[in-house]
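Number of protein chains: 2
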Amino acid sequence: MTTTGKQLFTTLEADGTLTVAIEDVTFPDPVGNQVLVKMEAAPINPSDLAILTGAADLDNAEYSPGKFVAKMPEPFNTGSKARHGMKLPAGNEGAGTVVAAGDSDMAKALVGQRVACVPGNAYSQYCLADAAMCLPLGDHSAKDGASAFVNPMTALGFAENAKMDKQDAILHTVGASNLGQMLTRICKEDGLGLVNIVRKDSQAELLKNLGSTHVVNSSDDNFMAQLVSAIDDTEAFYGFDPISGGNLVDTVFKAMEQVAVSKMTEYSRYGSNQKKQMFIYGRLDLGQTVLSPSYGFGWVLSGWLLTPFLQQAGMETVGRMRQRVLNNLTTTFASHYKTSVSLEEMLTKEAVTDYRLMKTGEKYLVEPWK
Amino acid sequence: MTTTGKQLFTTLEADGTLTVAIEDVTFPDPVGNQVLVKMEAAPINPSDLAILTGAADLDNAEYSPGKFVAKMPEPFNTGSKARHGMKLPAGNEGAGTVVAAGDSDMAKALVGQRVACVPGNAYSQYCLADAAMCLPLGDHSAKDGASAFVNPMTALGFAENAKMDKQDAILHTVGASNLGQMLTRICKEDGLGLVNIVRKDSQAELLKNLGSTHVVNSSDDNFMAQLVSAIDDTEAFYGFDPISGGNLVDTVFKAMEQVAVSKMTEYSRYGSNQKKQMFIYGRLDLGQTVLSPSYGFGWVLSGWLLTPFLQQAGMETVGRMRQRVLNNLTTTFASHYKTSVSLEEMLTKEAVTDYRLMKTGEKYLVEPWK
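Top line first, the protein sequences correspond to chains A and B. Counting in the working numbering, the first sequence runs from 1 upward without gaps. Counting in the working numbering, the second sequence runs from 1001 upward without gaps.
Calculated directly from the structure, the hints in this document are not laboratory data.
In silico DSS-like links for lysine-lysine, alpha-carbon gap of 25 Å or less:
#1 Lys-166/A - Lys-188/A
#2 Lys-1275/B - Lys-163/A
#3 Lys-1200/B - Lys-1359/B
#4 Lys-188/A - Lys-208/A
#5 Lys-1163/B - Lys-275/A
#6 Lys-275/A - Lys-1166/B
Note that the structure is a prediction, hence the values are computed from the model and not measured.
When you get a sec, could you build the whole thing from the sequences and use the hints?
Structure below.
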């Protein structure tokens, strides 16, 4: 059997030329525990944009059918040295129907079923995926299942990680994001406190309608006072941030320390002993992360990625998380899309310059057979 | 019994006026497990300077016998809000002779002995100290024992922490410091790899004479290449930094990632999975710590303080560490001083503006009875 179809590739040359283009490719037959999935839908997540567009100058790119060529500015081009000259597939996750399988029983049992999968080349008409990572979707549509992995497992991962670390509350710096809305529902279901930071009144409204009790607006003049009060109420000294660049993490640490110091009975030149922990799980802002020397030494800042977390959490926890996602796919873990595009449409100037903004509530869905 | 003597106090007012002055005080009798120590010598460590001078404008301060009054600039004055109006003692550690004790057997057994102690008000003619924290110095001089706690236990703490975290090597950003020299000797004794960063050829020479095998000079044009090579050799993905402000930690993370990426067989947009960990244990530079988005998500940065580490390490480990310090006080853990000053002399313009520079190899010793 020879399977051919269209697939997206992204290539960054050493001189900073970024080429993203659709090509016709031949897909190898699945072997062992692999399945071949005819892809029906794949979301464009912020984590996909890292190699799809990065910081490229998309306003002055050359666009032609099924292709764009853009320049990657410095320091981002040099920072991407490790991928120079490589032709990379893109698209972490998606959903489709299994059309062929390798020899394993697990793989064969999936033939004919619609599954969510994490192939790493989801912007493609076909993908090879690991049967062990496929989530059978039952009667759910491909659109409902396309985002069943990255955002749901990440949001659940935050809650699981917090519980492992004996925390009763979480802080999230982008409360109104798709992931933030999921996290709001998860925390409510699990009785975890949650401080949601948003940038607009409309986002605050949205989260309050979801039952969020502590929403603070970073655009308000009294943001710091709101933040301190919400941390004091919830004892959220443990938070997640996908922005990275700028000083929001610094501001959060300052607010946490202000709460901790207000409860100290004695002054310490070293600040409070209250452990303050923040995780950076994305790069929505590619600028530098700035930390000021104003919250002592009782703080931890680290990167956070889903795959290492799942490896650390173990099979049993991951199985339980996946089942919970499947059981609540159109409620707790529902994703919403602004629009859907074909592979060719996703490379037009109109589309690229829109989805790379990563605006809240404006996620794109790619339908490779559209 | 009424004991009176001179003691140093530091007070920062809300308007930014910093007053550091010697006062006559009456010391209460020791009770329970306390001992009264007639202090003979106390070092001025960087950690003492935080409340002794901070970022105060010492060039334009008013100096009078036993006193100086300086202005604390912004943002440091506001950053020190928690101590506004408080009159604080200073001096973490020192050595002296026990002249009185509380009721406990442990305390009474120390009477007449010379001890190292950590009273928090060591810039004083007398101190009350906890007998459990006193280290009997035997025949050692007060000068030899004055710095028996902070630097030795911190350097040993780095090695202990590295072993707890299953590390075979450590990176230290101020290799030639008093503490760095101790760490060099400790790592050699314990078979731990060590990457020492220095700023001058003379410092590199000093460390090589101590047997350090991986010394890199940040003033050299090829610093980054030296650093990458040393990390590659030692696999030191775990380091300690007391500078904090600026981009040295960022540079170290970049070098660690460069080594890790060079060993990867496949490109990952998320960077390497190699865990890269740095601890900030001081504030020699009060500027902002800057992190760039160029080493993926497999990194951890946190504050590190001795006291919480010792609490976490437990009594047995701490006992073993103290014994090791005592056994090697004038060899592995030897401290050297540029000069010694009386309480009054330490508040002169000449002294204050010199020791606040915290130059390598120019530590001051205070002798309260001089």
